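> Now for the letters of each chain:
There are 2 protein chains.
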Amino acid sequence: MTSNTVGRRGPARRSWLGGLRDAFDVLVKSSPSRFAILVFATLILITTALLSLPLARAGSGNGGTPLYDAFFTAVSTICVTGLTTVDMATHWSPFGNTIIFIGMNVGGMGVLTLASILGLVVSRRLGLRAKLMAASDTNPSRVHAGPVSERQAVRLGEVGGLLVTVAVSTLAIEAVVMIGMMPSVLAKGYDFGLSLWYSAYYAVSAFTNTGFNPNPLGPVEFFDDYWFQSLMMLAVFLGSLGFPVIFALLRTWKSPRRWGVHVKLTLTTTIALWVAGAVAFLVLEYNNPKTYGGLSFVKTFYEAFFMSTMTRSGGFSTIEMADLYGSSLLVTDMLMFVGGGSASTAGGIKVTTLAVLFLAAYAEARGAPAMEAFGRRIPRDILRLAVSVVLWGATIVAVSTVIITQITKSALDFVLFDVISAFATCGLSTGLTESLPPEGKYVMAATMFMGRVGTVTLAAALAAAQKRQLFRRPEERPIVG
Amino acid sequence: MTSNTVGRRGPARRSWLGGLRDAFDVLVKSSPSRFAILVFATLILITTALLSLPLARAGSGNGGTPLYDAFFTAVSTICVTGLTTVDMATHWSPFGNTIIFIGMNVGGMGVLTLASILGLVVSRRLGLRAKLMAASDTNPSRVHAGPVSERQAVRLGEVGGLLVTVAVSTLAIEAVVMIGMMPSVLAKGYDFGLSLWYSAYYAVSAFTNTGFNPNPLGPVEFFDDYWFQSLMMLAVFLGSLGFPVIFALLRTWKSPRRWGVHVKLTLTTTIALWVAGAVAFLVLEYNNPKTYGGLSFVKTFYEAFFMSTMTRSGGFSTIEMADLYGSSLLVTDMLMFVGGGSASTAGGIKVTTLAVLFLAAYAEARGAPAMEAFGRRIPRDILRLAVSVVLWGATIVAVSTVIITQITKSALDFVLFDVISAFATCGLSTGLTESLPPEGKYVMAATMFMGRVGTVTLAAALAAAQKRQLFRRPEERPIVG
Ligand SMILES: [K+]
Ligand SMILES: [K+]
Chain A
1 MTSNTVGRRG
11 PARRSWLGGL
21 RDAFDVLVKS
31 SPSRFAILVF
41 ATLILITTAL
51 LSLPLARAGS
61 GNGGTPLYDA
71 FFTAVSTICV
81 TGLTTVDMAT
91 HWSPFGNTII
101 FIGMNVGGMG
111 VLTLASILGL
121 VVSRRLGLRA
131 KLMAASDTNP
141 SRVHAGPVSE
151 RQAVRLGEVG
161 GLLVTVAVST
171 LAIEAVVMIG
181 MMPSVLAKGY
191 DFGLSLWYSA
201 YYAVSAFTNT
211 GFNPNPLGPV
221 EFFDDYWFQS
231 LMMLAVFLGS
241 LGFPVIFALL
251 RTWKSPRRWG
261 VHVKLTLTTT
271 IALWVAGAVA
281 FLVLEYNNPK
291 TYGGLSFVKT
301 FYEAFFMSTM
311 TRSGGFSTIE
321 MADLYGSSLL
331 VTDMLMFVGG
341 GSASTAGGIK
351 VTTLAVLFLA
361 AYAEARGAPA
371 MEAFGRRIPR
381 DILRLAVSVV
391 LWGATIVAVS
401 TVIITQITKS
411 ALDFVLFDVI
421 SAFATCGLST
431 GLTESLPPEG
441 KYVMAATMFM
451 GRVGTVTLAA
461 ALAAAQKRQL
471 FRRPEERPIV
481 G
Chain B
1 MTSNTVGRRG
11 PARRSWLGGL
21 RDAFDVLVKS
31 SPSRFAILVF
41 ATLILITTAL
51 LSLPLARAGS
61 GNGGTPLYDA
71 FFTAVSTICV
81 TGLTTVDMAT
91 HWSPFGNTII
101 FIGMNVGGMG
111 VLTLASILGL
121 VVSRRLGLRA
131 KLMAASDTNP
141 SRVHAGPVSE
151 RQAVRLGEVG
161 GLLVTVAVST
171 LAIEAVVMIG
181 MMPSVLAKGY
191 DFGLSLWYSA
201 YYAVSAFTNT
211 GFNPNPLGPV
221 EFFDDYWFQS
231 LMMLAVFLGS
241 LGFPVIFALL
251 RTWKSPRRWG
261 VHVKLTLTTT
271 IALWVAGAVA
281 FLVLEYNNPK
291 TYGGLSFVKT
301 FYEAFFMSTM
311 TRSGGFSTIE
321 MADLYGSSLL
331 VTDMLMFVGG
341 GSASTAGGIK
351 VTTLAVLFLA
361 AYAEARGAPA
371 MEAFGRRIPR
381 DILRLAVSVV
391 LWGATIVAVS
401 TVIITQITKS
411 ALDFVLFDVI
421 SAFATCGLST
431 GLTESLPPEG
441 KYVMAATMFM
451 GRVGTVTLAA
461 ALAAAQKRQL
471 FRRPEERPIV
481 G
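Chain order of the listed sequences is A and B. Residue numbering for the first sequence follows the UniProt record's numbering, starting at 1 and increasing by one per position. Residue numbering for the second sequence follows the UniProt record's numbering, starting at 1 and increasing by one per position.
Isolated chain A (complex conformation) (with noise of 0.2 Å):
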């Protein structure tokens, strides 16, 4: 199987390290979706054995933390979720807690190379970076279109350029956002450590779009502060969007015409949905006493956005979810489903998969032949893979909240919500999952994996499976509608 690979170098200089990089070229070239599993599936289990550990619990004399407990704080961990059975502020000792620190950044850029790596797997043609910029323009030719039917050597010297293109960007602006943080932090009355530690774990929780929350309070601590709040929202923003779209904002940022039309998608439909969210948060609970009642209209007005942005996949949140309308949670369903862009630390079904179901939907009402967004042609075969992952997220939600409704029998507002935000990686909660049983937060952690995993390997693998068919059956139409 490693012939051709090893060919090249000449088997006498197979060495050790040579063995491995080879065998790693095999999996991620023969399976880039089971390379994906595995790669996830490890970090969650050494995430598990080290939350384990006694050294990791706060207090002494506790023992260690439940397996269920390590096992599902692990899974929310690496797939940047940020639900929680356990308090993250005074659950965990310094130890644990500079594991689930790690543990958010390891997940956070895990899923922005995996997914870009896979993205190259089943494209052809161009280098890593390439691929990470092309996405971000507008030069059609640069852009792969049609079938994938050769597959592309990934190396790991490669993988490792993007790894650090990754991370450097990762840590730039995280560090700019914790920096921002710190005033706020201080004038809280933390000391200067405390403010560190809060506002890195802060600015990494929100640009990996984890959710988690460093101190006791949460951000309800920082609810009269609008530029900690703002920091986080943008943040989240800017995580939620993806890299390649967020390249293409450093990049070419004084002229949006050159964007591509994926960066132009990811754009108008996170902007549409969050104002939308906004706008729907704000007429359904401004008089909800419990909620937005007794705030300033400009409060209210900014509280909304701020809870639109989170919906996305930030997760954080000022008021209690369990204090929402009925309506306002069920809107709140619907775009943490959508979640956030493509190849981003947010989870759902992806904003440009939305997009692509009412371009759809769009041209078939206007008669269109093809698809089309911003003065370019959508490919058809684009709308079969949209529909895959929307079939692949609908099936895990649906089986989910039927499992945890019949474990639980709780209401159906908060069990969808909470399965939604575990599908979506959001991590608003209704307070549901940590009150779940041990067997319950098994099918939510395993609710949080498909989603987070799921949906970066699936596009992947349905991408390479693409094969060309010899013969042509005969066309026959059924009615449908």
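Some hints could be false.
[Unchecked claim] Each computed BS3-like pair below joins lysine-lysine, with the alpha-carbon atoms no more than 30 Å apart:
1) B:Lys409 / B:Lys290
2) B:Lys299 / A:Lys409
3) A:Lys254 / A:Lys188
4) B:Lys188 / B:Lys290
5) B:Lys290 / A:Lys409
6) A:Lys188 / A:Lys299
7) A:Lys290 / B:Lys254
8) A:Lys290 / A:Lys409
9) A:Lys299 / B:Lys409
10) B:Lys409 / A:Lys409
11) B:Lys188 / B:Lys299
Keep in mind the hints are simulated off the structure, nothing from the lab. All of these numbers come straight from a predicted model, not from anything done at the bench.
Keeping the supplied structure of chain A fixed, place chain B with the ligands upon it in accordance with the hints.
Just chain B with the ligands now, kept in the frame of chain A:
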């Protein structure tokens, strides 16, 4: 606008009837969807007016039925939904019941006829009967394929012929079911006249997939009668398949190989959903003391299949929906949303629409260039139509659920159930609908109307909009999933 039509017969021969015929032709041809909406709206307004009369209400001195209840019942009758805000067995006078009895038949036949007319208007070459038959036949050359650019003239005479075919078939099936039901009703001690009325009402209510009950106890009165319940299931099942499938079964039941892809796809998906639904109800409810907990295994098994049948669009129930576990309510939601066959009296997005989505995902997973089913290639543009229908349905359900939840602050389990039941014209209810305030009843009525008329007209409206484009835009590929 009518020049070519008039020209054919010469202006001198133009009579009053001819003018009406021409106006009818123009309306059907120029906007078949608007024509369908007009027909349904007119039928609903007439029924509302008649049901509002004091004459239509049982008992004397009660005055008329409130407008919102008369309107709701009219919509529910004409749209063959079966949701109620009054007790159907006791609220109406014989006159009111006659209106409803006729309304169910008119509504059921109206849907069947309109679906076929609309199908014809947007297709070419085929006569009305041929068109109806075509979908039941396997000969691909007789089936329309590809985008439609011309429109077919539909003459009043042709519509009349179709109406006769549909009406005769409908009344024949209903008569057989009615005769079969008579012994069961007589056995309950009702006199001959009332037994005839109940049997006729149940036969019509079942075959048109309405779900109204004429007797105060409803189908529960026949809970020990396997024969009666089986007849209900058969009538609902046949009605939900649609005439293209019924005709195929009647004409070529001995040679299933000759069935068209539409027939095979409808039957396969319907049976798969039927069995899956029954298994789900069996597993989730077997130990629910309020539903199947106290029943024997055989009875539980049978009732699970009865329940599963009724989610297709029948809407009869032998248990209280509000007693189901939340998990079963959610399973029912999904089954109702899918609904029955195309060009049938059932509602929902239709089984073939769901099948096309899964065929697309399956083709994507296999990397096949085209969707395939039963050795036939399914045209690509069908997927776009299916996606449009699902988006339409999801949007109606979402908006309606948010509004009803906000108005009533009821639990999502119940609101989602009744809203999907309304959209999919199923008629099962948790009891929420009849407790709604007037404005909630109007929202539900609108949901029923859009679910019924929308899904019938949407496909036609979209298919009719097909047009050619003379230029091709450059292609560019966004990232999805
Ligand atoms: K999150
Ligand atoms: K019904």
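> Taking the hints in turn, state whether each one holds.
Right, here's what the structure says about each hint:
no., hint, verdict
1, B:Lys409 / B:Lys290, "holds, 25 Å"
2, B:Lys299 / A:Lys409, "holds, 25 Å"
3, A:Lys254 / A:Lys188, "violated, 38 Å"
4, B:Lys188 / B:Lys290, "holds, 25 Å"
5, B:Lys290 / A:Lys409, "holds, 14 Å"
6, A:Lys188 / A:Lys299, "holds, 20 Å"
7, A:Lys290 / B:Lys254, "violated, 65 Å"
8, A:Lys290 / A:Lys409, "holds, 25 Å"
9, A:Lys299 / B:Lys409, "holds, 25 Å"
10, B:Lys409 / A:Lys409, "holds, 20 Å"
11, B:Lys188 / B:Lys299, "holds, 20 Å"
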